[in-house]
Amino acid sequence: MQSENLLLSVEGLSVRRGNMTAVQDVSFSLAAGVDMAIVGPNGAGKSTLVQAILGLLPHHQGEIKWFGQRLHAPSSSSQQRAARLFHQGVAYLPQNFLVDARIPMTVGELVGLGWDRAGLQLPWQGWRDRRRAVHQALDRVEASHLSRQSLGSLSGGELKRVLLAYCLVRPRQLLVLDEAPAGLDFSGEAEFYQLLGKLKREQGWSILQISHDLDMVRENCDCVLCINRRLLKQGAPTDVLHPDTLYEAYGYEAYGQPQLRWRA
Amino acid sequence: MSIDWPNFWALLQLPFMQRAIWGSLILGTTGGLLGSLVVLRQLSFFGDALGHSALLGISLGLLLGLSPQWTLLPFSLLLGLVIMVLLSRAKLWPDAMLNIVYSTSLALAVIILSFIDQYKGGLSNFLFGDILAIQPSQLYANALLLVVCLGALGLTLRQQMLLTLNRAFAQIQGVPVERYQIMTVMLLSLVVALSIQMIGVLLVSAFLVIPPCTARLLSDRFTLYVPLSIGLGGASALIGVLLSALLDLPSGPTIVLVQFMAFLGAMVLPRSRSSARA
Numbered sequence: 024m025q026s027e028n029l030l031l032s033v034e035g036l037s038v039r040r041g042n043m044t045a046v047q048d049v050s051f052s053l054a055a056g057v058d059m060a061i062v063g064p065n066g067a068g069k070s071t072l073v074q075a076i077l078g079l080l081p082h083h084q085g086e087i088k089w090f091g092q093r094l095h096a097p098s099s100s101s102q103q104r105a106a107r108l109f110h111q112g113v114a115y116l117p118q119n120f121l122v123d124a125r126i127p128m129t130v131g132e133l134v135g136l137g138w139d140r141a142g143l144q145l146p147w148q149g150w151r152d153r154r155r156a157v158h159q160a161l162d163r164v165e166a167s168h169l170s171r172q173s174l175g176s177l178s179g180g181e182l183k184r185v186l187l188a189y190c191l192v193r194p195r196q197l198l199v200l201d202e203a204p205a206g207l208d209f210s211g212e213a214e215f216y217q218l219l220g221k222l223k224r225e226q227g228w229s230i231l232q233i234s235h236d237l238d239m240v241r242e243n244c245d246c247v248l249c250i251n252r253r254l255l256k257q258g259a260p261t262d263v264l265h266p267d268t269l270y271e272a273y274g275y276e277a278y279g280q281p282q283l284r285w286r287a
Numbered sequence: 221m222s223i224d225w226p227n228f229w230a231l232l233q234l235p236f237m238q239r240a241i242w243g244s245l246i247l248g249t250t251g252g253l254l255g256s257l258v259v260l261r262q263l264s265f266f267g268d269a270l271g272h273s274a275l276l277g278i279s280l281g282l283l284l285g286l287s288p289q290w291t292l293l294p295f296s297l298l299l300g301l302v303i304m305v306l307l308s309r310a311k312l313w314p315d316a317m318l319n320i321v322y323s324t325s326l327a328l329a330v331i332i333l334s335f336i337d338q339y340k341g342g343l344s345n346f347l348f349g350d351i352l353a354i355q356p357s358q359l360y361a362n363a364l365l366l367v368v369c370l371g372a373l374g375l376t377l378r379q380q381m382l383l384t385l386n387r388a389f390a391q392i393q394g395v396p397v398e399r400y401q402i403m404t405v406m407l408l409s410l411v412v413a414l415s416i417q418m419i420g421v422l423l424v425s426a427f428l429v430i431p432p433c434t435a436r437l438l439s440d441r442f443t444l445y446v447p448l449s450i451g452l453g454g455a456s457a458l459i460g461v462l463l464s465a466l467l468d469l470p471s472g473p474t475i476v477l478v479q480f481m482a483f484l485g486a487m488v489l490p491r492s493r494s495s496a497r498a
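Which chain is which? The protein sequence lines are A and B, in order. Under my numbering, think of the first position of the first sequence as 24, with each following residue one higher. Under my numbering, think of the first position of the second sequence as 221, with each following residue one higher.
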């Protein structure tokens, strides 16, 4: 992989949660336009890994680089610039995005917050450009009609579409999904992936997604990380989603259970 | 109850009354502004606890022979930070933790005040406040605080919106989450400390809670909710202080009742939530 194409590189990352090492010595890199999946059993440290990369959790060892510049411990001005670019270029869809219906916020307002850049600004600054960007983003996910609706009144599927609009309201390079379609029914999940695929092609996003759906990973992802606290294997889906690796990750007892959706 | 209009107009011309009008307007506006975030972040009990604990700051000042207004401000700021640290370190429920802090502070304050005989008469001033007794220096300090709140919250409002909705989203977008949380608590401590002498420790949280709740009932949009809360805070304080002068009622409690009437009005307003959202 050419280093100039590298969006994100993770080197020897270890994360502790309490007294336990939740992620140990994980290294991988992600190039522009690549769709990478992270698979592994429950408690394997997938969400912890992703949250450490995003800076939501501290890591105690290793380095995370964005376009070759170290993140989350910015000391020099170039590292601060890298951190700024990272914040501008990354969006995250968590497993459960809980909306407190008591918070007064419309769909249009939420999507507009995705357009803002960090830093001090007057509330009305750039409102025309923001409004145009929000309108276009909602249009792309076919949710223009929801613009004035309160977030608390959305269905699960509508909320996922609105969150995708939040991600695409301004150009980003990387989308991080932590089991994003969780909570949707079968058809809702299929619709979500269809929309995600379309937007990925349009926007040229790289995707780093945690998934338990190995069929989806096999069909849609370019490469896979299989982890169980440490990195077991990385590579193309056909190599990684191999019985030997899956046995090692999930254990013999789990093999064959329907939720793995494993096909030999 | 008869209203003496000529006397009322004459009263409005008096300097202390004009200071009270400006003071209540400034205080109501500040409360509505800061309270709009305080309520959504579920910090209203935090403000209440700060208010009740302020009595300890006052009693410490009296014990040291200092004017309470000099000890109250640093005490409230320090207490705000201490409570923040306690809430993040102790794995206990926030309301229980706040209860422990303010009950202990109140107990200590009452014990200290029991040694200061000459102060007993002034205690009710700090419990219920007196807007009519506001001094020019207090008025300027409150005006300055309003400007600070407007600047700090106005320039960070959009990031505060994201932080209020989802902490992880805010962090990933590069919002300095902890700095903003400390800033909110510091502003809350300042507002509570400065407003206590006007409305007292018992009613201070009403200024931070009732107008934002009324605004929330009237709006589903964040960008409308905040100005509504500011407007309702300022208007109800102004109407309250004028009513108190007109009807010769205690000013702080009258303002709170006006705030409550507005809240009641918003509650019974014929506007279904579902249709408002559609």
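Keep in mind that the hints were calculated from the coordinates and are not lab data. Treat the numbers as computed from the prediction; the structure is a model and nothing was measured. Check each hint, because a few of them may be wrong.
Just some of the chain B residues that point at chain A, by a computed CB distance under 10 Å [as the list claims (entries may be wrong)]:
1) G281
2) L282
3) L284
4) R309
5) T376
6) L382
7) T384
8) R387
9) Q393
10) L444
11) Y445
12) V488
Quick reminder that beta carbons are idealized off the backbone N, C-alpha and C, glycines included.
Outcome of the hint check:
1. G281: violated, 36 Å
2. L282: violated, 41 Å
3. L284: The hint is violated - L284 (chain B) has no Cβ within 10 Å of chain A, the shortest such distance being about 39 Å.
4. R309: With a minimum Cβ separation of about 15 Å from chain A (threshold 10 Å), the hint on R309 (chain B) is violated.
5. T376: holds, 6 Å
6. L382: holds, 5 Å
7. T384: Hint on T384 (chain B): holds, closest Cβ of chain A at ~6 Å, below 10 Å.
8. R387: At about 9 Å, which falls below the 10 Å cut-off, the nearest Cβ of chain A leaves the hint on R387 (chain B) intact, so it holds.
9. Q393: holds, 6 Å
10. L444: holds, 8 Å
11. Y445: Cβ of Y445 (chain B) sits 4 Å from chain A, so the hint holds.
12. V488: Interface hint status for V488 (chain B): violated (19 Å vs cutoff 10 Å).
Hints 1, 2, 3, 4, 12, counting from the list given before, are not met by this structure.
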